[in-house]
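2 protein chains.
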Amino acid sequence: MRTIAIDAMGGENAPGAIVKAVLKAKGEMPDTKFLLFGDKEQLRNLIPADQINDQLGVVPTTEVIADEDEPVKAIRTKKDSSMVVAAHYVKEGKADALLSLGNTGALLSCGIFIIGRIKGIVRPGLMPTLPVKNSDDGFNMVDVGANAKSKPEYLLQWAEMASYYVEKIRGIENPRVMLLNNGAESDKGDDVHQKAYELLKNSKLNFLGNIEGNELMIGKADVVVTDGFTGNAALKTIEGTSSVLLHLLKDSLLDGGVMTKLGALMIKGSLASLKSKFDTAKYGGAVLLGVNAPVVKTHGRSDERPIYYTLKQVDKMIKENLVEDFKDEFATK
Amino acid sequence: MRTIAIDAMGGENAPGAIVKAVLKAKGEMPDTKFLLFGDKEQLRNLIPADQINDQLGVVPTTEVIADEDEPVKAIRTKKDSSMVVAAHYVKEGKADALLSLGNTGALLSCGIFIIGRIKGIVRPGLMPTLPVKNSDDGFNMVDVGANAKSKPEYLLQWAEMASYYVEKIRGIENPRVMLLNNGAESDKGDDVHQKAYELLKNSKLNFLGNIEGNELMIGKADVVVTDGFTGNAALKTIEGTSSVLLHLLKDSLLDGGVMTKLGALMIKGSLASLKSKFDTAKYGGAVLLGVNAPVVKTHGRSDERPIYYTLKQVDKMIKENLVEDFKDEFATK
Chain A
1 MRTIAIDAMG GENAPGAIVK AVLKAKGEMP DTKFLLFGDK EQLRNLIPAD QINDQLGVVP
61 TTEVIADEDE PVKAIRTKKD SSMVVAAHYV KEGKADALLS LGNTGALLSC GIFIIGRIKG
121 IVRPGLMPTL PVKNSDDGFN MVDVGANAKS KPEYLLQWAE MASYYVEKIR GIENPRVMLL
181 NNGAESDKGD DVHQKAYELL KNSKLNFLGN IEGNELMIGK ADVVVTDGFT GNAALKTIEG
241 TSSVLLHLLK DSLLDGGVMT KLGALMIKGS LASLKSKFDT AKYGGAVLLG VNAPVVKTHG
301 RSDERPIYYT LKQVDKMIKE NLVEDFKDEF ATK
Chain B
1 MRTIAIDAMG GENAPGAIVK AVLKAKGEMP DTKFLLFGDK EQLRNLIPAD QINDQLGVVP
61 TTEVIADEDE PVKAIRTKKD SSMVVAAHYV KEGKADALLS LGNTGALLSC GIFIIGRIKG
121 IVRPGLMPTL PVKNSDDGFN MVDVGANAKS KPEYLLQWAE MASYYVEKIR GIENPRVMLL
181 NNGAESDKGD DVHQKAYELL KNSKLNFLGN IEGNELMIGK ADVVVTDGFT GNAALKTIEG
241 TSSVLLHLLK DSLLDGGVMT KLGALMIKGS LASLKSKFDT AKYGGAVLLG VNAPVVKTHG
301 RSDERPIYYT LKQVDKMIKE NLVEDFKDEF ATK
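Residue numbers (this note's numbering), protein chains in the order written: chain A, 1 to 333; chain B, 1 to 333.
Hints are computed from structural coordinates only; laboratory data are not their basis. Hints are supplied without guarantee of correctness; some may be wrong.
The list that follows gives simulated cross-link-like pairs (lysine-lysine, DSS-like), each with its CA atoms no further than 30 Å apart [as the list claims (entries may be wrong)]: (1) B:Lys73 <-> A:Lys201; (2) B:Lys204 <-> A:Lys149; (3) A:Lys149 <-> B:Lys33; (4) B:Lys195 <-> A:Lys73; (5) A:Lys188 <-> B:Lys119; (6) A:Lys316 <-> A:Lys327; (7) B:Lys119 <-> A:Lys282; (8) B:Lys261 <-> B:Lys33; (9) A:Lys149 <-> B:Lys261; (10) B:Lys195 <-> A:Lys195; (11) A:Lys261 <-> B:Lys73.
Go ahead and model the full structure; you've got the sequences and the hints to work with.
Here's what the structure looks like:
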């Protein structure tokens with residue numbers, strides 16, 4: 001049986017939305033055990049007594065890591081926090097994967113310092129799946145902020161892991177890999193990006209060259225590899241720009257006269273389909289590639305649906321032995 | 001009399017849109033002379049003979065730098081191109097500023113290698129003005145790609161020049177300066193950004209700390225300073241995300257049924273106001289800060305309106321002696 005350790009206390013809608021998602025997933029995933037880490041009272045109130053069985057367990061913890069906590073300090077001092085105890089369960093082999101909606105930095109620290117790096121991987125990288133227009137497939141971008149400083153060799157390993165993930169978990173053959181850079185030509189960028197370009201070109205990956213920020217969402221690449229600093233800025237800029245535009249659209253419709261309001265009602269369905277295009281819930285969470293077990297972060301604002309999809313994503317990663325394959329691949333290098 | 005040297009051959013709508021904008025601006029700016037550099041025949045056909053006078057001149061050139069030309073090579077080999085001849089006019093004092101819609105890299109090279117760096121400025125930086133929600137003011141971001149590799153001292157100088165520009169040209173007092181980084185805390189980022197944070201904090205600027213990609217368009221800062229590599233990615237990601245979202249919105253309305261199409265008609269006015277919110281034409285072009293004369297790039301797809309606004313922006317930069325002030329300020333440092 002596969003076991004997912006779930007930090008039930010992280011995120012804005014914890015633990016309610018997390019419990020709901022687990023109860024839904026449980027019925028559909030009979031070979032998977034869900035271990036919820038968190039406040040005993042709260043969890044007991046949310047989970048019907050008859051649901052606690054071989055497939056669903058609660059591990060009581062007394063502390064919670066807050067979003068504003070300093071990550072490394074938090075995992076050192078809050079030893080009985082839901083996130084840290086869950087991470088130790090994975091480290092000790094009592095669970096196969098870790099899922100959290102909490103403090104991203106703390107989760108990265110749990111992955112790197114408690115669960116540990118895969119032998120042969122220099123630096124783990126964080127990889128979300130993001131939407132593209134004209135396709136439901138989306139693309140994976142790595143690293144989006146696990147590393148403030150990146151070396152060319154990191155980028156090559158991230159690209160290799162991401163490409164394998166896209167093929168095995170998302171079912172896309174021979175994924176197209178591109179490098180986020182400041183121009184199309186091979187000599188673009190600083191030393192890190194010029195060297196990374198060479199490494200990628202000489203690898204076995206299906207490397208198609210450089211991609212620029214304005215092309216990220218047009219579906220040119222399945223994997224975009226980037227240094228963690230630029231990737232972080234690009235990811236947050238996508239989030240910020242989408243959010244501002246959708247709010248302005250909403251405001252401009254609400255501020256209009258009767259005609260506009262009536263018109264807005266009539267296009268409601270089309271707007272919903274636009275919104276679902278940018279609904280990244282179905283992609284699951286962001287994966288910390290390069291640690292000894294699947295460690296996945298779902299957005300802190302997530303409600304039941306994205307958490308449910310992330311449970312499916314994590315389950316598939318365990319089932320497909322993704323991390324075991326990484327261990328075999330990188331240990332021999 | 002102030003003189004603007006205009007590369008009439010750069011951009012998708014050249015030279016027609018450029019001539020139109022100049023003819024419009026000419027009537028409103030009686031103290032300014034417009035020198036158009038480009039193909040004699042084409043320009044003669046576009047400009048009514050009676051318009052050629054003390055205020056409007058044509059300098060015939062025989063070559064054009066294309067968007068796909070390699071910048072440094074292009075300015076060395078295409079010596080009779082509209083852009084290069086215009087740059088030499090500025091260098092030789094026969095014009096006060098340079099405006100182009102052409103190859104950005106070539107224009108940067110013209111600015112840096114022909115017109116030259118201001119004494120005391122280590123590296124010039126490229127600075128567009130970008131929109132924010134809930135305000136018409138926008139913000140300035142520098143550097144967005146003149147430099148692939150940046151040092152902390154460059155960022156400080158860019159912030160100083162941008163802050164002065166915002167105060168003097170855009171009329172915003174005591175501009176709020178922020179550093180694009182991967183988190184709010186002062187120790188965030190790599191060495192370059194940590195050091196830049198210190199330099200900005202200890203400067204006389206109104207420095208408010210770090211800003212993240214998702215906050216760029218919410219109006220927290222008047223000046224966002226960034227290394228040229230990250231700034232390039234952030235700028236292009238804003239452009240790409242806006243473009244994809246607005247296209248998807250359009251498509252979802254066009255693909256809808258009769259109700260949706262009728263609704264779309266009814267909200268047309270509101271959508272136009274949304275679009276005008278993101279109409280950056282009124283801000284003018286991107287300024288190359290740190291060279292011996294105003295050098296301004298307008299988007300290659302610009303039609304008459306943004307070019308007209310850029311002419312006004314350039315004219316103001318000459319009139320306010322912006323570059324002279326920079327020369328005084330940085331020579332003494």
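Structure-based check of all given hints:
no., hint, in the structure
1, B:Lys73 <-> A:Lys201, "holds, 26 Å"
2, B:Lys204 <-> A:Lys149, "holds, 29 Å"
3, A:Lys149 <-> B:Lys33, "violated, 49 Å"
4, B:Lys195 <-> A:Lys73, "holds, 23 Å"
5, A:Lys188 <-> B:Lys119, "holds, 28 Å"
6, A:Lys316 <-> A:Lys327, "holds, 17 Å"
7, B:Lys119 <-> A:Lys282, "violated, 55 Å"
8, B:Lys261 <-> B:Lys33, "violated, 48 Å"
9, A:Lys149 <-> B:Lys261, "violated, 50 Å"
10, B:Lys195 <-> A:Lys195, "holds, 25 Å"
11, A:Lys261 <-> B:Lys73, "violated, 56 Å"
The structure fails hints 3, 7, 8, 9 and 11 (numbered hints given earlier, in ascending order).
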